[in-house]
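Number of protein chains: 2
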Amino acid sequence: MHPPAALSRHRERLEEHLRSLFESQEPSVLRRMLLYHLGWEDPEGNPAPSAGKRLRPGLTILTCEALGGSIEHALPFASAVELVHAFSLIHDDVQDRDRMRHGRDTVWSIWGEAQAINAGDALMAIAQQTVTSSTAAGLSPEAALIANALLARRTLEMVEGQVMDIAFEKRTDVTENDYLAMVSRKTGALFDAALGLGAIAAGAAPSTIEAIGRCGRAFGIAFQVRDDVLGVWGDESRTGKASGADIRRHKKSLPAIYAFTRAEATQRDQLALIYGRDDVSDTDAKWVLALMDSIGASQYCAGVAGEYRGAALRELDSLRIPPDETAELRQAADFLLARDY
Amino acid sequence: MHPPAALSRHRERLEEHLRSLFESQEPSVLRRMLLYHLGWEDPEGNPAPSAGKRLRPGLTILTCEALGGSIEHALPFASAVELVHAFSLIHDDVQDRDRMRHGRDTVWSIWGEAQAINAGDALMAIAQQTVTSSTAAGLSPEAALIANALLARRTLEMVEGQVMDIAFEKRTDVTENDYLAMVSRKTGALFDAALGLGAIAAGAAPSTIEAIGRCGRAFGIAFQVRDDVLGVWGDESRTGKASGADIRRHKKSLPAIYAFTRAEATQRDQLALIYGRDDVSDTDAKWVLALMDSIGASQYCAGVAGEYRGAALRELDSLRIPPDETAELRQAADFLLARDY
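Protein chains in written order, with this note's numbering: chain A, 1 to 341; chain B, 1 to 341.
Simulated from the structure, these hints should not be mistaken for laboratory data. One should not assume that every hint holds.
For identical chains, the list gives no copy identity; a pair is met inside one copy or between any two copies.
[Unchecked claim] No more than 25 Å apart at the CA atoms, straight line, and that leaves these computed lysine to any residue pairs for SDA-like: (1) Lys170 / Val29; (2) Lys170 / Arg32; (3) Lys251 / Asp284; (4) Lys251 / Gly276; (5) Lys170 / Arg277; (6) Lys251 / Gly112; (7) Lys53 / Ser318; (8) Lys251 / Glu113; (9) Lys251 / Ser28; (10) Lys170 / Pro27.
None of the values given here were measured: they were computed from a predicted structure.
Given only the sequences and the hints, what does the whole structure look like? Please build it.
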């Protein structure tokens, strides 16, 4: 399944804009880490094909266009959203001790944890710089400031979600409501910012910025649920993650929470045992998978994703934009929820 | 030696402003970590006396006042500078595996590395929020935006300096120029921002903001050199650090670089051996200390600090502000360079 034309259409300009943010940096260990993580270089500094999917900045640009704005105004915000996402991945990999992401070594596994923490911090600062310098692209200081405030608020929420996610790993009593509160922050908040910043770039009214942000958040929750499903049932050759990876990492993803909720008492005790073990064996992982399959966890998750997709579309409809103008945004959204990697 | 009245005068209002930034946060692991790190609570959430010295935000306020601005305008920027400093300490402790800071357990040693990384990230986002919301204190969107851009640029520099510092730990060929390039970023950049933001709060002209920033940076370098001296010769009961701590951590602080440069060939080989060892013994540390003493490393460092102090004062003089109005800023600066903790 290929990304729809809408998402790829501006890919080149976005990539060019993103790269321009690093042009003035002098050669350094830091620059090396950043260009590697963003997918432009290999660890030795040789050119590499860009690895990122750039989904979130694509949505920023499509939102701006759907609301009648220009790509020039959207680019700095789109890049900033991608940089915040990129920073979160670097720190997430350190936190989870993940050595691989999308088939590539993670930054910390090459340069060590201490420098990887720095690389993430640097991206966060560059994201902030990028939003503040959006006035150079013709945005007003007021718009740049509103964008900055929104991005900072959503970044903080994202970090709150990450704190909850890590705290959940040690608990076996996480409810679906706990989970939804967590993913609304961990994933939803940055999708909220991605769409909200697109609306700010288009000069939209505050109520529109908020509604489109809620649309982005609901959509981000659906995206995360889909990601959770891929984390358990995904094809390793497509996702770059071992099948059952999230079971081995004790992630309280939606399939796991559903299993804890729906399993019988003896099964639940066994689940708690497995999720409490430092090392989850193949046998354990297979047992959990079989349990999830037997209670229809995958179908249940698809239903939850569908609900949030519906909520996102209702927010979009509430804006009464002619359907023609939001068609690309809808296509992109549908693609993201159907992806198998 | 007590802080001069100038630095303590606004302490209460600054503390109140800093605390107000966390009032709307719901109780959570994240909030617990932040209130602990900022010195207001113990790890269980009971009130604790504030532990921070709040030197940098004190300088922001004094700079604003020296340039004719009001404390109301300076407070959001002062708080943001302290939050960036606080974030850098949390991450620094994770990177250095330091279990203690100023006689208290570090955040990671209580909540683990993963959550400590999140705590630092959160403070960075809150700093950004604080600057953007400075318009509520009466600053113009333009001023808030300039402040945001300056803080982001200096934060990035600070991270660059941290990357260099960590990379230096593995090298034995670090020159004094390398060192100065590193500390200008690691420490100088945030002092530059502290004073620069004070000038922005006072509505100063761009050339004044730049000059006072250079003053802050030179001053920050002098401050770091003093810190390096305390890291080797400081009294543990005052600094909270074990004597010779920086030798054990292979820190390429100025005394170490001076020793590498001035030692005879056989001594240099021995130094390289010791700085290359995973564990530095008491005997090793004492030998290095004796070598540093024999070549007058402490006096040499005092001279370098004096040079940068002089450069900072020359930048301040260049602004031709009546001496009365900068007297407090000068007192505060002198205190910081004479401190023994």
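Verification of the supplied hints:
Proximity of Lys170 to Val29 under the C-alpha cut-off of 25 Å is restricted to the inter-copy arrangement: shortest distance 13 Å between copies versus 35 Å within a copy. For the identical chains of this complex, Lys170 and Arg32 are inter-copy neighbours only, at 18 Å across copies versus 35 Å inside a copy, given an alpha-carbon limit of 25 Å. In the homo-oligomer, the alpha carbons of Lys251 and Asp284 lie at most 25 Å apart inside one protomer (14 Å), although the nearest pairing across protomers, at 46 Å, exceeds that limit. For the identical chains of this complex, Lys251 and Gly276 are intra-copy neighbours only, at 11 Å inside a copy versus 39 Å across copies, given an alpha-carbon limit of 25 Å.
For the homomeric pair Lys170 and Arg277, the shortest alpha-carbon distance inside one copy (10 Å) is at most 25 Å, but the shortest distance between copies (37 Å) is not. In this assembly of identical chains, Lys251 and Gly112 lie within 25 Å of each other by CA distance both inside one copy and across copies; the values are 24 Å within and 17 Å between. Taking the closest pair of Cα atoms, Lys53 and Ser318 never come within 25 Å of each other, the shortest separation being 29 Å inside a single copy and 51 Å across copies. In this homomeric assembly, Lys251 and Glu113 come within 25 Å of each other (Cα to Cα) both inside a single copy, at 21 Å, and across copies, at 18 Å.
In this assembly of identical chains, Lys251 and Ser28 lie within 25 Å of each other by CA distance solely across copies; the values are 20 Å between and 36 Å within a copy. When the C-alpha separation of Lys170 and Pro27 is checked against a cutoff of 25 Å, the pair qualifies only between copies, where the shortest distance is 19 Å, while the shortest distance within a copy is 41 Å.
This entry does not satisfy hint 7, going by the numbered hints stated previously; all others are met.
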